[in-house]
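Listed below, chain by chain, are the residues.
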Amino acid sequence: MKSVPVVLLSLCLVMSCDPDGGDSTQDGGTSQDAGSNPDAGTGQDAGSNQDAGSNQDAGIPDAGTTPDAGTAEDAGSITPDAGTAPDAGSTPDAGTTTDAGTIPDTTCGVPYLGDPNGALDFKIKALGPDWTSSPLTTGSTLTVIEPIQGGRVSFVGVYDVVNIDPCGVKILGALRDIPTGRVQLDARTANLQRHPDGRGSNIDADDASFSNIPLCPNQWSSRDLYDQEYELVVILKDRLEKKVLQKTLTVRPACNVPGEDAFCRCICKAGYVLGSPCP
Amino acid sequence: MRRPLALLSLLALTNTACPSTVDPPDPGPTDPVPTDAFALDPVPAGQGFQYITRETEVPQGVEQQDCYFFKAGDIAAANGMSPTEPINLHRIQISQRDGSHHMNIYRVRTIVGLDPANGEFQPASNGSGPCFNSANWADWPLLANTQQDGTIDWTYPEGVANVIQPEEWLMLQSHFVNASTQKTPQNYGRVWVNFWVIPKEQVKHELGTIFATKQSIRVCTKNPTPTFDGTCNLNNKTPVQIIGANGHFHSRGKEFRIYAWDGMSLERPPEDQRFYTSEVWDDPPMKRSPELDLTLPAGSGIWYTCNYEWTPPPVGCAALDEFDKKKYSTPDRLLDCCYTFGPQVDQNEHCNAFIYYYPKQDNVNCF
Chain A
29 MKSVPVVLLS LCLVMSCDPD GGDSTQDGGT SQDAGSNPDA GTGQDAGSNQ DAGSNQDAGI
89 PDAGTTPDAG TAEDAGSITP DAGTAPDAGS TPDAGTTTDA GTIPDTTCGV PYLGDPNGAL
149 DFKIKALGPD WTSSPLTTGS TLTVIEPIQG GRVSFVGVYD VVNIDPCGVK ILGALRDIPT
209 GRVQLDARTA NLQRHPDGRG SNIDADDASF SNIPLCPNQW SSRDLYDQEY ELVVILKDRL
269 EKKVLQKTLT VRPACNVPGE DAFCRCICKA GYVLGSPCP
Chain B
4 MRRPLALLSL LALTNTACPS TVDPPDPGPT DPVPTDAFAL DPVPAGQGFQ YITRETEVPQ
64 GVEQQDCYFF KAGDIAAANG MSPTEPINLH RIQISQRDGS HHMNIYRVRT IVGLDPANGE
124 FQPASNGSGP CFNSANWADW PLLANTQQDG TIDWTYPEGV ANVIQPEEWL MLQSHFVNAS
184 TQKTPQNYGR VWVNFWVIPK EQVKHELGTI FATKQSIRVC TKNPTPTFDG TCNLNNKTPV
244 QIIGANGHFH SRGKEFRIYA WDGMSLERPP EDQRFYTSEV WDDPPMKRSP ELDLTLPAGS
304 GIWYTCNYEW TPPPVGCAAL DEFDKKKYST PDRLLDCCYT FGPQVDQNEH CNAFIYYYPK
364 QDNVNCF
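Respectively, the protein sequence lines represent chains A and B.
Going by the numbering used here, the first residue of the first sequence is number 29, and it counts up by one from there.
Going by the numbering used here, the first residue of the second sequence is number 4, and it counts up by one from there.
In isolation and in its complexed conformation, chain A is listed as follows (with noise of 0.2 Å):
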């Protein structure tokens, strides 16, 4: 999690942090959904796992007894309107009409996202210069930042995630070199949260949940890292990877966070060599 300036969390708040009014022109590029095997709804064990109730002896938050799991925990975070987007009669069911009785438990305290027995899908967004989210789409600007250890990544997660046990997922983001077919990635396990709507995503507030891709010392692309067309690959699992989908955009890196352009370009071209002297 990186420091957000309070002013910054309060213009979320108010604005909701959806630049784009939710994203209805997402390119699905290249999906591939293996989200139809039969087993990946009746797979899910939650209670061979943690024991989350079990460690209160210990001061640790039961997951069990999370007040609002079910809630959106991040008002930063992108809040599609499901209702409104164009598309929604072909997106697979949300779930929040589903029996309540045949979705099963989850480990981490947050319900599951829509109908274990459908199809996963996803949309693909992105935290910008100032630490929230917005949708990515075809051409969208992909925001290269500093991270805790210095470089630079982009912090690449997804929204309006359905059918799918959110806990422990799988998340890899990478960004390939048209020209080599080189990338750079990163893939974590995260928690998603759901928002009132039954969609998930990932937490605005926990860069951690978000794949942070290693992008800058720039010693690997043939081209600059800002300004540059690049292929953004993301690859969701859930946690027993029995449902897996892959979306590929296309996005231009941008070295676009205040105050930190002029470094960013400099270890962020193509050629740098460790430890050049940058402005």
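Since the hints were derived computationally from the structure, they do not count as laboratory data.
Every value quoted in this text rests on a predicted model; they were computed, and no experiment measured them.
Beta carbons: idealized from backbone N, C-alpha and C, even for Gly.
Check before you lean on any hint, since a few could be wrong.
Just so you have them, the derived chain B footprint on chain A, three or more residues with Cβ under 8 Å [as the list claims (entries may be wrong)]:
#, stretch
1, 149 to 158
2, 177 to 184
3, 216 to 222
4, 225 to 235
5, 239 to 245
Which chain B residues stay away from chain A? Per the calculated CB distances, all over 10 Å, these [to be verified]:
#, residue
6, L43
7, D118
8, N236
9, P273
With chain A fixed as given, assemble chain B onto it according to the hints.
Leaving out everything else, chain B in the frame of chain A:
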């Protein structure tokens, strides 16, 4: 083993008053030179040089991370080497007192918050101070490292040298821990490093290094067994030989794996591509040549994976949550007794890979 008077003089050059260091224990009147079971014999004149850190006090409850700065040419010249010729490091010996968490040597580059001008010795305790802030050496290439207690003695393959320019500043970072999950039994830390060189006419290949790290790690009660995967491209135009590897995490770490990777695939490489495994967080193996001598074809890289398992924190959940709030501004609703990214072993986690290869393309950092 003895520390020679010449080295005592050298050590004295670096000694300045500091509350976290003490004079070595008095050896008594019959033994004017202190002995230490961990001390290395010195490098003969003209064949390299030795660097010895201070005797650093590490009392119970303290994590001591000290940064030492020295100009390579100065130290080399003090042991009979040319002050103007490159130093062709071919063999490195490192010895540390018990309780060492790590010892890294970097080449100093961009100065952010850690400046050699502030003194050759810059100590830090319990997570505070610039020697604990890794962003301060984000573009400093790795030169050498070890995490093991006792002695590492590694001679690179014939003709391979890590070339150090005489005007280069180096930073040796020593981290000793005397906390709940790791102990420093003598309550004092110290490191000895011997740099052995070869003449330039014997150098056939320059050694390169890779340092890769996962950022924003969190190991929490509601996500208790996370896995983090990362990659690092070598951008090599020709094949290279991987000859050294070690991984670094803390006590929640269960398995650290490093694989050869083709630089393009989105799937973790198959197990037959794995060349490093560590399941021992506090004394991880340092795999090195001649046992490790792996050819990577042109356009390759490495893929590394860290698995964790949450355990009750020895410092208590309140301390972890407090750190999470203070360091990362995590809102209350997201506090979950999480171990977060950072250097302190009782409350933070790391996932760092250190790789050595030749011929050098560049020293590579992957953040």
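Verification of the hints:
Check on the stretch 149 to 158 of chain A: 0 of its residues sit with their Cβ under 8 Å from a Cβ of chain B, so the three-residue criterion for coverage is violated. Residues of the stretch 177 to 184 of chain A with a Cβ under 8 Å from some Cβ of chain B number 5, which satisfies the need for three, so the listed coverage holds. Coverage of the stretch 216 to 222 of chain A by chain B holds. Counting CB-CB distances below 8 Å, 4 residues qualify, and the rule asks for three or more. Beta-carbon proximity to chain B at under 8 Å applies to 4 residues in the stretch 225 to 235 of chain A; the threshold of 3 is reached and the given coverage holds.
Coverage of the stretch 239 to 245 of chain A by chain B holds. Counting CB-CB distances below 8 Å, 4 residues qualify, and the rule asks for three or more. Interface exclusion of L43/B from chain A stands, the closest Cβ pair being 29 Å apart, more than 10 Å. No Cβ of chain A approaches the Cβ of D118/B within 10 Å, the least distance being about 15 Å, so the stated non-interface status holds. Some Cβ of chain A comes within 10 Å of the Cβ of N236/B; the nearest lies about 4 Å off, and the non-interface call is violated.
Distance check on P273/B: its Cβ is at least 16 Å (rounded) from any Cβ of chain A, clearing the 10 Å threshold; non-interface status holds.
Against the hints set out earlier in the document, violations occur for numbers 1 and 8.
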